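Protein chains: 2
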Amino acid sequence: MKIIITLNLMAFHYPTNIINLYFRAIALKINFNLMKPSICNLFNIKYPIVQAGMIWCSGWRLASAVSNAGALGLIGSGSMYPDVLREHIQKCKKATNKPFGVNVPLLYPNIEELMKIIVEEGVKIVFTSAGNPKTWTQHLKQHKITVIHVVSNVRFALKCQEAGADGVVAEGFEAGGHNGREETTTMVLIPMVRKAISIPLIAAGGIGSGAGMAAAFALGADGVQVGSLFAATEESSGHPNFKNAIVNVPEGETQLTLKQLTPVRLIKNKFFKEVDAAEKRGASQEELQHLLGRARAKKGMFEGDLEEGELEIGQISGAITQIKSAAQVVEEMMKEFAEVRGRIKNMEI
Amino acid sequence: MKIIITLNLMAFHYPTNIINLYFRAIALKINFNLMKPSICNLFNIKYPIVQAGMIWCSGWRLASAVSNAGALGLIGSGSMYPDVLREHIQKCKKATNKPFGVNVPLLYPNIEELMKIIVEEGVKIVFTSAGNPKTWTQHLKQHKITVIHVVSNVRFALKCQEAGADGVVAEGFEAGGHNGREETTTMVLIPMVRKAISIPLIAAGGIGSGAGMAAAFALGADGVQVGSLFAATEESSGHPNFKNAIVNVPEGETQLTLKQLTPVRLIKNKFFKEVDAAEKRGASQEELQHLLGRARAKKGMFEGDLEEGELEIGQISGAITQIKSAAQVVEEMMKEFAEVRGRIKNMEI
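These protein sequence lines map, in sequence, to chains D and B. Take the first sequence: its letter number 277 is residue 429 in the working numbering, and every next letter is one higher. Take the second sequence: its letter number 272 is residue 424 in the working numbering, and every next letter is one higher.
What the hints contain is simulated information worked out from the structure, not anything from laboratory work. The reader is advised that the hints may include incorrect statements.
Copies of the same chain look alike in the list, so a pair counts if it fits in one copy or across any two.
[What the hints assert, rightly or not] Subject to a maximum C-alpha distance of 35 Å in a straight line, what follows is the list of computed DSBU-like cross-link-like pairs (lysine-lysine):
| hint | residue 1 | residue 2 |
| --- | --- | --- |
| 1 | 198 | 476 |
| 2 | 425 | 347 |
| 3 | 487 | 476 |
| 4 | 250 | 276 |
Just so we're clear, the structure is a prediction, and the values are computed from it rather than from any experiment.
So that you can see chain D by itself, here it is in the shape it has in the complex (with noise of 0.2 Å):
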């Protein structure tokens, strides 16, 4: 959008004496050029934020509660059965007028059974991950919805360009839960990616401030995305044990691991231990297999199991302290990020 802001400080005429005394207008002319982020757009938002979808925290009470809050929130359908999924659908499209979305892993079992669900409840926006962004895109878009795919390289950004997809997050090392197996970090991704792909552009780990923020789009992101700090929220249905561990986890206490299978990031709890030294020692995969038994990520995060259960989070709780509410979160962020634009803005260089 281009606004033209045209001052006319002065301009009048005056008689002096016999003969007109003429002034000359002054005219300052003030031309900004202020872009509107691509994803508040695509999205019809008004803060390019979106709230991750993550397993056993972003139901709807979470994703309704982002999306009122001007960004977009996302009901994380990973660890939902299909019948769950349609109730967090109908009671967010209750909860809020906002648009939302949901977030689908293409590797879930019942994934037919899911983009059913989906469609029938009038879904706007699938965001998808941990698959092959050809598989469903043309589907949900010849319904209409809104596609973005999730990656960690810039090989697969292009392939969710060719498969049509509207948009791309782009998600670095630091992120919590799966994680690619480049190890690529975000700060390295986000202008990789910038310059592969011309579809919107959305950074994803390690970000969880309105400085994150600021430094996303320097590196040519369009929007951002965030995990750690929601799944921290009052409105994530994470167990309140998962999230005090979330504000306590020091600095450098979380790891990749499971390098062998699917990497995650997780807290080095007595479980993440475990499973690490069996890596260390050389294990088989059957052997991890078996040591990551079932339902762990369950235990950890939804039933508050601090050492038996796997707890996915990025390596930004480290520099997370509070449980708030998401709106505070949202609000927080968008005015750290005025901040340090001003900030930048200033700067003698």
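Using the hints provided, position chain B relative to the given structure of chain D.
Chain B in isolation, oriented as in the chain D frame:
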């Protein structure tokens, strides 16, 4: 620095007819609070860019070229015998009348001798790394040397401040060469260190463009340290094969390895793969030491053996596509930085 520009656009009196007609002055008072990055004042340099002191790449030729371009060049003493360092310092003094510094890894075996030479030769700026900041800071400061220490976590950043260091380089996981065990990325590390310390903060790791520089400033840094990009310049003393390897390495083709010993980020060549395989099968520290052998870094980076040598480089190498002069690197970074700043200023949020 604070600049106040006062524009008295019109300030005059007019008598019309008999009665004095009187015009009010219109005063537009524009107040800029332009802040020069603190490291420009600290080092007395034009641009807030430090060229990392790197083994086998940053001798007097690179350091003086960078300093002549308005940034801060560093001689990397880690790969130099004491006499060689003295020669490089003397040549650097002849090649530039701008400030330059020396990087000293504190684990260097002849550290006393190096420090003696640094003082004797009147070096004004020293970057120390890989050791306790308390050990040498006061000694150097007694000789009126500006001391910066490189860290990879908040705890050590605080130690530097307590030790009286003049500033800190905080280096993220994506950086080349030796690296912290916490694996904290630049995006996460910088805001945390910024909150913890009040002395100047230089961001390192993953910065190879004006966009990365702007991101670092957004995160709270006062300057940036750039390694990989300068390792691939014409003035770098790295072997041409190594420089070509840097500009050709694809995204995701560096990895942090040797985590049992001292973590180091390498290009995934034959040597890396042997080390990595040994680590994955749970090799002991002794086995790893034996495999590592001697002088692998020199063999790779200085002698150009891309198979058997150790090739230390940062993740950002994936974005480096051309060998340029050091001056061109500095100039292009500053140009892109200005563009990014303009883009962020004009965002409509």
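Hints violated by the structure (numbers, ascending): none
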